[in-house]
Amino acid sequence: MLPADLKKNLQTKIATVSHPRELVVDVLFDIQMHYGHLTDEAIHEAAELCGMAPVEVEELATFYTFTFREPVGKYVIHVCDSVVCWMNGYQTIREYLCSKLNINMGETTPDGLFTLIPVCCIGYCDRSPAILVNRKVHGSLTPAKLDQLIEKIKMENPAHVE
Amino acid sequence: MSNKYPQILFQNRKPDRIATMAEYKESGGYQALADALSNRSPAQVQEEILDAVLLGRGGAAFPAGRKLETVAEDAPHPRYVVCNADEMEPGTFKDRVLIHADPHMLIEGMILTGYAVNADKGIVFIRPEYEGAAKILEREIRFAEKEGLLGENILGSGYTFFIDVHRSGGRYICGEVTAQLNALEGRRPNPRKPPPYPTQKGLWGQPTISHNVETLCCFPHILRNGARWFRDLALTETGAGTKIFSISGKVNRPGCYELPMGVRLSEIIEVHAGGMVEGSTFKACLPGGASTGFLTPDFYDIEMDFDTLRKKGHRLGTGAIMVFDQKTCLTAATVNLLEFFARESCGWCTPCREGLPYIKHLLTLIENGQGSEDMIPTIKKMSAQLWNSYCAFAPGAVAPVESLLVYFEGEVREHIKLGRCLLGD
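Protein sequences appear in the order of chains A and B.
Heads up: the first sequence begins at 1 in my numbering, then just goes up one per residue.
Heads up: the second sequence begins at 1 in my numbering, then just goes up one per residue.
Treat the hints as calculated values from the structure; they're not laboratory data.
Glycine included, every Cβ here is placed at the ideal spot set by N, Cα and C.
Keep in mind that a hint or two might mislead.
In silico EDC-like pairs for lysine to aspartate or glutamate, Cα to Cα no more than 20 Å straight-line [what the hints assert, rightly or not]:
id : chain 1 : residue 1 : chain 2 : residue 2
1  : A       : Lys13     : B       : Glu339
2  : A       : Lys136    : B       : Asp16
3  : A       : Lys136    : B       : Glu69
4  : B       : Lys135    : A       : Asp26
5  : B       : Lys14     : B       : Glu73
6  : B       : Lys121    : B       : Asp51
7  : B       : Lys135    : A       : Asp30
On the chain B side, residues computed to face chain A include the following (Cβ under 10 Å) [unchecked claim]:
id : residue
8  : Asp95
9  : Tyr172
10 : Arg188
11 : Pro297
12 : Tyr300
13 : Gln326
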């Protein structure tokens with residue numbers, strides 16, 4: 001169940017707009033932040049808040065790139081595989097990340113810290129190859145830079161075991 | 001950097017931070033708004049924009065002034081202005097740079113558009129990857145409200161207009177105007193088939209004007225300096241204004257450059273983007289994002305404006321130039337582009353949903369050396385049929401495929417003959 005304060009926050013926000021459903025993506029993002037991903041319960045809660053049928057919310061939750069219908073790691077790494085990154089070494093970046101984290105694309109590390117997902121052009125072609133870590137961009141990547149990035153996250157999450 | 005051309009949209013661009021509202025005002029910002037509200041009727045604003053021949057910078061090149069005119073004077077309220085900041089066309093990043101350079105230019109452009117059609121509310125629809133830009137806009141909108149430039153009774157004129165920022169959940173199809181309206185309404189973002197056109201019945205069934213970020217940013221300058229001035233910025237007779245080119249790929253200085261419409265491709269690459277990277281020679285480029293066709297060395301000196309490219313059977317699109325070198329296999333590049341389109345297809349109509357993965361599969365086989373000659377006519381036929389799909393997504397998706405088979409058919413056939421890719425790993 002959603003914590004009372006989160007629910008109240010969302011209700012207050014929704015009360016300010018003319019059509020509650022216009023906020024459904026914002027609501028899904030906030031609820032996702034709470035649960036980590038969009039559980040069945042989350043879909044129903046979002047639907048109720050926005051005055052929508054659960055199936056309409058499901059249509060969106062399964063459609064968008066940044067809504068997760070399955071559990072994901074604490075850090076979701078989106079690896080851009082569109083044409084400019086592809087040309088500038090995406091494959092090296094992908095292979096390096098997969099081997100460093102010891103998972104394939106679409107998988108989550110056993111400790112629940114990282115998920116790797118391919119993503120379409122993120123609009124940072126001037127800094128390719130680029131990735132997003134929890135929607136924050138990191139560009140002009142090299143294996144050394146990736147090492148730094150991953151190690152830093154690991155250090156900040158010493159006891160992270162699912 | 002050697003840029004001899006006037007900087008209009010980038011006049012306040014700084015290397016490390018955004019321009020403040022004070023800096024924007026210092027450079028003449030919000031003068032056009034004050035002048036329009038007290039001295040011009042909405043019809044006069046429309047006329048100036050029409051006269052400036054401002055063509056939509058989001059890729060479709062529709063005349064912005066004509067779009068404004070399609071909102072009937074007696075159309076119902078509320079009326080909406082939607083700013084399309086969903087920039088998801090591969091290779092395109094100009095709108096992100098523009099918002100980070102000078103956000104008040106966009107805000108003023110939206111208010112002016114609102115005034116031109118007597119709209120009540122503006123909404124910036126922004127992709128979630130641009131969260132930084134979304135936050136900037138939210139903050140600067142509040143600053144504009146505090147100064148009476150936005151909100152109730154703007155500058156005492158009696159005109160009221162609000163702006164909200166709407167975050168997308170992230171999908172390429174949301175950049176399509178009618179799909180974007182569905183997204184804004186919290187519906188699955190399938191495109192809608194006009195008529196009715198959004199300017200008659202758009203968001204929530206109300207009259208809605210949608211413009212790209214860069215298009216909106218041109219409004220204040222046109223109104224302050226005049227349509228004639230704007231047209232004269234271009235180097236070609238048919239062009240008007242400047243264009244933000246986002247250039248990437250095998251060049252030394254990838255980035256965004258504001259250049260006059262009609263500047264030559266060769267100049268963009270050699271002078272502004274610092275030339276090809278060492279060891280690379282120009283093989284081809286996509287001139288305006290992933291849904292445009294390849295320009296070969298024969299087009300290297302072409303004047304980059306909507307009309308010149310159209311006359312040669314090409315499209316300027318978003319002006320996102322992606323440069324490929326002689327070491328890059330364009331068959332493989334096209335497979336990558338198809339992967340993008342097949343993944344991003346919203347799935348609503350059959351030709352697009354089923355056709356793109358099919359074409360991608362055939363081209364992948366060819367790239368991997370497992371192709372056969374009969375696949376080429378099949379790909380051509382399938383590509384032609386994708387023009388029957390519901391919206392402009394699929395015709396855009398096959399643009400690179402069709403041009404690959406026009407200009408590089410020999411290279412594609414070589415894969416089949418040799419049973420491998422000559423340029424592959």
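Violated hints - listed by number, lowest first: 1, 3, 5, 6, 11, 12, 13
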